[in-house]
Each structure stands twice: as C-alpha cells, then as structure tokens.
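Chemist: In case you want the letters, here they are:
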Amino acid sequence: MQEHGSAVLRLALTQTGSRADAEDVYQDVFVSLACSDTDFSDEGHLHAWLLRVTLNRCRDLARSWWRRHTRQLGEQETFFAAPEIQEEVGPSDHELWEAVRQLPECYRTVIHLRYVENMSVEEVASTCGISVSAVRTRLSRAHQKLRVYLGGTHV
Amino acid sequence: MSKKTEHLRDLYKNVKPPAELNERVISRVHELRARDASPERVLSRRAILVGAAGCAAIAGLAIGSALLPGGPTAGNAFGLAIAQADEVQGMVRVSAGPDGLMPYENSVGNTINLKLNLSAQGSNIETVTYRIEGSPRYSIEVLGSHDPGVSYPAVTLAFGSGPHSPTDSSLSEPYFHVFDVETITVNYVERTGSNDYQPDGGAYHYVRVTYGDLIWESDPTLQLMHTWLQLSALPSDEVAEERETARQAFVDAYDELAADKATFYEWLRGVYVSSFELAASQLAKARLVADVTFADGSTTSCSYRIDLVESHDQVLLDRFDALCELDDNAGVEEARAEYVPWVSLPIPTDEQVAADPRLSEPIFTIEDVTQS
Chain A
1 MQEHGSAVLR LALTQTGSRA DAEDVYQDVF VSLACSDTDF SDEGHLHAWL
51 LRVTLNRCRD LARSWWRRHT RQLGEQETFF AAPEIQEEVG PSDHELWEAV
101 RQLPECYRTV IHLRYVENMS VEEVASTCGI SVSAVRTRLS RAHQKLRVYL
151 GGTHV
Chain B
156 MSKKTEHLRD LYKNVKPPAE LNERVISRVH ELRARDASPE RVLSRRAILV
206 GAAGCAAIAG LAIGSALLPG GPTAGNAFGL AIAQADEVQG MVRVSAGPDG
256 LMPYENSVGN TINLKLNLSA QGSNIETVTY RIEGSPRYSI EVLGSHDPGV
306 SYPAVTLAFG SGPHSPTDSS LSEPYFHVFD VETITVNYVE RTGSNDYQPD
356 GGAYHYVRVT YGDLIWESDP TLQLMHTWLQ LSALPSDEVA EERETARQAF
406 VDAYDELAAD KATFYEWLRG VYVSSFELAA SQLAKARLVA DVTFADGSTT
456 SCSYRIDLVE SHDQVLLDRF DALCELDDNA GVEEARAEYV PWVSLPIPTD
506 EQVAADPRLS EPIFTIEDVT QS
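Chains as they are written, first to last, in my numbering: chain A, 1 to 155; chain B, 156 to 527.
Do not rely on the hints blindly, as some may be mistaken.
Simulated pairs of lysine to aspartate or glutamate, EDC-like, Cα-Cα distance not exceeding 20 Å [unchecked claim]:
| no. | chain 1 | residue 1 | chain 2 | residue 2 |
| --- | --- | --- | --- | --- |
| 1 | B | K168 | A | D93 |
| 2 | B | K168 | A | E23 |
| 3 | B | K416 | B | D483 |
Don't read these hints as lab results, they were simulated from the structure. A quick note: this is a predicted structure, and the numbers were derived from the prediction, not measured.
I would like the entire structure built from these sequences, with the hints used as guidance.
Modeler: Take a look at the structure:
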C-alpha cells in the first residue's frame, strides 16, 4: 500500500468523484490483492494489476443505482473549492476537476492514467485492455471535450 | 506536457491514503484470514449447510424423477432443488426455502442479489457449472456519470463476501461487496457432507438482477423524482429553472405521501413489491443453465427459468411488514425524513428468519425448461 496506494486512491477518486467511494474502492482493491494468488513478475506488473482492478471496481460501483442517485440528492461532492477571486487566466482547480469529471468514463480513464499517473500510451493501453491507437483516439477526443467544457481556451 | 496537464497532475499531488484507511484494509484482511482459519466459523456454516442439505435430501425424494431428467447415460441423473419441494395434487412444486433464491439485502434499489442456494440432486454428479444465458441488457444514462454507450447484462451470476448479518460485522462499519462472475463451478467430488454448494468463509453466490431505471416508471412520484435527478446531473446552469421546477414537483408529491404515516408506509410497500416484479421481468428473459459432468465423463446441460411464486404480492407485502417490525419502522422513518423512496430494511438473523415464517416464505420458484 505504501508503494501503490496513492495511485490507486487517485484513480478511484477520478473515477468515482467521491472520497468515500474512492476509499471503499481502495479497501476492496487491497483486500482483493491480499486474497489473490496472482504471481506478479515485477513491480510494474503489480502496479498495472492494481490499476486494472481499481478500474473494474469503480465500474462496478458506477452500476450501483443507490450510490449514484443518493449522491445526486445532496450537493455534488467536490475536492477543489471554487476560489472567490480568479487570480489568473485559466481554469481553477475546481473548474479543471469538474471538467474531468464530466468526461465519459472511457475518456476520463485515459486522461488520468496518461497525465496524472504519467504512464506511457503503451502502458495506458495495457492497463485499459485496449489498443494503443484506441488510447490515442480517446486522448484526442478527451482533449476536445475538455476544451469545450473549459470554454474553448484551455488544455 | 502542457501547462494544463501539469495543472491536472498537481491537483492530485496531495492525494494520499490516510493511515486510518490502510489500517482498515489490514484489519479487514486479518479478519478474512481469521475467518478462513476459524474452525468455529466453518462449523457454524456447516451446521447451516447440513440443515439445508437435509431439506434438499427430502426434496429429492419428493421430486422423484420429475426434476431428474436423467443424464446421457442410464445411471446418471441431475436436477436442481431450492432447499425444499413438495408434491401438490400430482404436480411437483419446487419452492424457495429460507435461503434459496432469497434476497441477501432488503433495501430497495435497482439490483437484487438472490442467494443461489441450489442443491444438485442426482447420481454420479462430478461437477456442475452454472451460467446465465439470454440475459437482457441495460445501460446507464446519467450524464457525466458513465459512458452512455456501455451496456451491461441485467442478469448475472455474482460472488459476494462480507458480513452476512449484523452479528457478523466486527468492523467499525458494514462492509459487503459483490462481484459479477461468468460461471460458478461446483466440484462435488471434492465436497463432502452436503450437496448445497455455497462457499464457506463468509461468502455467497448469487443470481444478481439489475432492472436499471425501470423502477422510476413504476410510480408517478418516482417519475417526478427521476425527472429532477436527471436534470440535476446536467452540468450546465441553463436548466436551473427547469430543475427547480422539477424538484418542487417531486417535493410536493412526496410531501403529500409523507404527510400521513399509513399512506407513506403503503407507498413504500408498493415500491418494494414493484422492485421484485421488475427483477422478475428481467429474470423471465434469461435462463440459468447448469452444465453437468458425470463421473463417467458424460455431460448434460439443463436450463432453468426463475419466476415469482403465484401469490408473490402478498408474500412480499408480508415480508416487508416483518422486516419493518424488526427495526421498529426505523428504516421507514429514515426514508420519510430524507425524502427518498428506498427504505433500508434490516438483514434478519438466522434466528429471526426461523422465528417468523413471513421471512422464509418463498418468493421465487425455479422450473426446468430444458425441453421447451
């Protein structure tokens, strides 16, 4: 957990949009690891496995009707508060977070893995179980969407 | 890397798992390992299994050949039973017992997990692999929540672990999760003492049924709520006025229901029944298939339809009443206070189920439709 915990939590946070859900996913992922008999060849293999399990758990959670709708009943959770004064031109943390959250899941995933986890396109493809060209296409479309969400000037 | 993608990475630089979260994980792993190693735990579970197996053995005798269509060779036979069965006026009726095809959770949502506590009846059975065939599909359409292009099977097999009852939970908070699985294989050669196949160690297998957003269409107040929630999911402020109108329409309808305790209670009962009927509508389109291998290497496949019992509405209304009584209507009152249509009902203990027949009354039946 010391080595890979932050990456798992970051990805879960991006995918679920909720700290509580992300922590649930985090717990599930590491309990699954403890119960797994997978023979990991190296740290990279373990890292990829953890991120893939995280994605699967987040998808499972997204299917949960109760969680989705109870979340909508209250205020939408956000981790990066909107600043009272916009000090510079460009999106605030809050705006950027909201824009990423608006992305469809498949685009959000590649954006996160590529830019937050700093993975190569090949690593993203391996983790998501898709082709390299599909990753490139999704990244391109994600950028286009983010531009729209952020008013056409950013990213 | 552009300035903005750097900005994105910086957003997460302080996201680190707190020590308390790691302690929870370690505590959970220790608990699972202790549970696996505990002879008392296994013994306790075995005791339950033996009880179910006893019923199933009786069922097998009562069923006779009607549910044992026979394998591909003369000496082999296979059939499924749900814990108990009896014969009524010359016809075989297979019904769910206190465990088989009964819901694990009792809260109303859009998914029901039914315990797949089936017993394989027959001779020379070596393995049985269960799978679902012909499931309808559903998709999630909430904007910003998920890729709207993705669809999922509505009926799946699932594996769940976690506390089964309030008495099982030794953690600081309840913990239970369910994973979809493609197949479940039971190796009867390796099993002893029971033809019930539920795994040990605090885990269950389920038929998991998701009826998606159909629940919203089942009731006018739920329709209003759905309209409001869909508008709430939209990111733009352009729909702010429309959203507020929708919210007020829902609140007004809800207030009217909630103004009278009896009216509100009846409404929740109706939603509870609807949730099972919607699940049954999905189940009706799918088949549970059992691929059986016999000791001589021959194989056969049987197909089963799961359906509600004939008097399901009364069974479910009674069950709802019994569950509400367990927590003195706390779940109902909570729902009323929080403006939500789904009530969190308690999970009864084995003792509570044994003491109240309303909690063990069969909800679903299973029928062999291999020939049809």
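Chemist: Check each numbered hint against the structure and report the violated ones by number, ascending.
Modeler: none
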